[in-house]
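Peer 1: Residues per chain, in single letters:
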Amino acid sequence: MDTAANLWPLLGILVVVAGFLLRTNPVLVVIAACAVTGLAAAFSPAHILESLGSAFLKTRNLPLILLLPLAAIGLLERAGLKEHAQAGIARIRSATTGRLLTVYLLVRELAAAFGLTSLGGHPNMVRPLIAPMAEAAAEARVGTLSEALRHRIRAMSAATDNVGLFFGEDVFVAFGAIVLMQTILRAEGLEVDPLHMALWGIPTAVTAFVIHAWNLRRLDRRISREHLLRERELRR
Amino acid sequence: MIAIDFFYLLVGLLFAATAVMNLRDRGNPRRFTTALFWGLYALVYLAGERLPPLAAGLLMVAMALVAGVKLVAPGRAQAVPEAARRASAARLGHRLLLPALAIPVVTMLGSTLLKDVSIDLGTFVEPLLDPKNLTLVSMGCGAIAALALACAITRATPLQGVREARRLIDAMGWAVVLPHMLAVLGLLFSEAGVGKAVAHVTTSYIAMDSRLVACAAFCIGMALFTVVMGNGFAAFPVIAGGVGIPVLVGVYHANPAVMAAIGMFSAYCGTLMTPMAANFNVVPAALLELPDKNAVIKAQLPTALPLLGANIVLLYFLM
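Protein chains in written order, with our numbering: chain A, 201 to 436; chain B, 30 to 348.
Be aware that one or more of the hints could be misleading.
To be verified - Calculated cross-link-like contacts (lysine-lysine; reagent style BS3-like; alpha-carbon spacing at most 25 Å): (1) B:322 <-> B:99; (2) B:327 <-> A:258; (3) A:258 <-> B:144; (4) B:144 <-> B:161; (5) A:258 <-> B:161.
As the list claims (entries may be wrong) - Examples of chain B residues toward chain A, derived with CB under 8 Å: (6) 57; (7) 97; (8) 100; (9) 110; (10) 172; (11) 218; (12) 305; (13) 331.
The hints are simulated quantities; they were obtained by calculation from the structure and are not laboratory data.
Where is the CB? At the ideal position from N, CA and C, for every residue including glycine.
Working from the sequences, and respecting the hints, build out all of it.
Peer 2: And the structure:
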C-alpha cells in the first residue's frame with residue numbers, strides 16, 4: 201500500500217451510485233456505504249463506529265442553518281406570509297414566473313458576489329416567499345395550475361436560489377472556496393493571488409446567469425403553452 | 030460570549046419537543062418510532078461531545094435504520110384554514126415581511142460590524158460572538174430576533190413557534206438528517222483514502238496528450254467527483270492535484286488562477302446534479318413538499334450540463 205493506492209475503498213462509491221440508482225432510501229445507502237468503505241479500508245467494526253460517531257458529533261453544526269429559522273418562518277406562514285407575498289405579486293401585471301425568478305437570480309448572484317450569502321436560502325426565502333410568488337405569478341396568467349406545472353415552478357425556484365448562490369459566491373475574494381484553493385495551490389508550490397482567482401471566475405458566473413435565465417424563459421413559455429391548451433379545451 | 034454551544038442546546042430542545050409532541054400525537058400512525066428517531070437526534074445535540082464516539086456511532090446507525098425502514102412519519106398538522114390566513118395577511122400586510130428580513134440583516138450585521146466587538150468586564154474580556162463560528166452564531170441570533178418579532182407581530186407565543194417548527198420538521202422527515210449523514214460519509218471517505226484511489230484511477234487511465242482532452246478531463250473530472258462526493262471542496266484537491274497542476278499547469282502552462290477558478294466552478298456544476306449534495310438538492314424538495322425528491326436536480330440539469338460545456342471552452346481559451 202505504500203506506493204500503489206489501495207483501490208478497495210472505491211467500493212463505497214459503487215454502493216452510493218447503486219443505492220441512488222435503485223432508489224433505496226438515501227439514509228440507508230449512506231450507512232451501507234460507510235460500512236463497505238470502512239471494511240474495504242480494513243478498519244475494525246468498532247473503529248468504523250467510532251469514526252462515524254466522532255464525525256457525526258463534529259459535523260452537527262451543518263443542520264443549524266436549516267433548523268434555526270424554522271420557528272419564525274412557521275409562525276409567519278401561519279399568519280399568512282405566503283398569501284401576502286402572492287397577493288403582492290398578482291398585482292404587478294408585467295410579472296411572469298420567469299421574469300420574477302430572473303430578477304431573484306440576479307439579486308442572489310450579485311449579493312453573493314459581495315459576500316452577502318445569507319440574503320436568500322431555502323428555509324428563509326424560497327419556501328415562504330420566492331416559490332409562492334413564482335406560483336402566484338403563473339396563476340395570475342393561467343388560472344389554476346396543473347400539479348406537474350406547480351411542482352416544476354417550485355423546483356425551479358429552489359434551483360434558481362442554488363445557481364445564484366454557487367456562481368456568485370466564488371467571485372467574492374474572502375469566500376471559503378478561494379481560501380481553500382489558495383491553500384492547496386500553495387502546498388503544491390504555486391503562489392496565486394486570491395483576487396485573480398475571483399476575477400477569472402467572472403466569465404463562468406456571467407455564463408451561468410445567461411444559461412439559467414434562458415431556462416427560466418423556457419419555463420415561461422411552458423406556462424403560456426399550458427394556458428393556450430386550457431383555453432382551447434374551454435372553447436370546445 | 031454567544032457560543033455555538035448555545036444554539037446546539039436550542040436545536041437539541043427543539044428536537045426533544047418534536048419527539049414529545051409526536052409521542053403524544055395519536056394521529057401519528059408511527060408515533061413511538063418517530064419519537065425515538067427525533068429523541069435520539071436530540072441526544073446528539075444535548076449531550077454533544079460528552080457522548081463517547083462509539084455510542085454516537087451506534088446512535089447514528091440506529092437513527093438510519095429507524096428512518097430507512099420507514100418508521101418515521103409526520104404527525105397530524107393543525108393547519109390554519111386558508112381563508113383565515115388570507116384575512117390575517119390582509120390585516121398584517123407588509124409587517125409580515127419584517128421578521129423574514131431580520132434573519133439576513135442580523136446575520137450580516139453580526140458577521141461584519143459586531144465581528145470585533147468584545148465584552149469587557151475588567152479582568153474578563155472575550156469577544157461577543159464566537160469568532161470561530163461567526164456566521165452561524167450571527168444567523169442564530171438573527172433567527173431568535175426573527176422569532177421575537179414574529180411573536181410580537183402575530184401575537185403568538187414562542188411555544189406556538191415550536192409547534193410550527195415541529196410541523197415543518199415533520200414534513201421534511203428523514204431529509205433533515207441526510208446532509209449531516211452525508212458529511213459523515215465524506216469524512217470517512219477521506220479517512221479511508223477514497224480520494225487518493227480516485228486520483229490514481231483518473232490519472233492512470235486517461236491519456237491527456239491533447240490540450241482540449243486535458244481541459245475536458247479536468248472539468249468533467251471535477252464535476253463527476255463532486256457528483257460522487259456531494260461537495261466541490263472534496264473534489265478540488267484531488268482533481269487539481271491529479272490533473273490540474275501536473276498536466277494543465279505543468280505541461281500546457283495554464284495560468285493557475287484560471288485553472289483554479291474554472292475548476293471550482295466545474296465542481297459546482299457537479300453539485301447541481303447530485304443527490305449527495307442533499308442540503309441544496311434534496312432538503313429543498315422536501316421543504317417545498319415536492320413528491321419527487323429529485324425534482325430540484327432535474328430542474329438544474331439544463332443549467333448544469335451546458336455550463337459544464339461552457340467551462341471546458343472557457344478554460345481552453347483563457348488558460
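Peer 1: Confirm or reject each hint.
Peer 2: Structure-based check of each hint:
{"no.": "1", "hint": "B:322 <-> B:99", "in the structure": "holds, 15 Å"}
{"no.": "2", "hint": "B:327 <-> A:258", "in the structure": "violated, 32 Å"}
{"no.": "3", "hint": "A:258 <-> B:144", "in the structure": "holds, 24 Å"}
{"no.": "4", "hint": "B:144 <-> B:161", "in the structure": "holds, 11 Å"}
{"no.": "5", "hint": "A:258 <-> B:161", "in the structure": "holds, 14 Å"}
{"no.": "6", "hint": "57", "in the structure": "violated, 18 Å"}
{"no.": "7", "hint": "97", "in the structure": "holds, 4 Å"}
{"no.": "8", "hint": "100", "in the structure": "violated, 11 Å"}
{"no.": "9", "hint": "110", "in the structure": "violated, 11 Å"}
{"no.": "10", "hint": "172", "in the structure": "holds, 4 Å"}
{"no.": "11", "hint": "218", "in the structure": "holds, 6 Å"}
{"no.": "12", "hint": "305", "in the structure": "holds, 7 Å"}
{"no.": "13", "hint": "331", "in the structure": "holds, 5 Å"}
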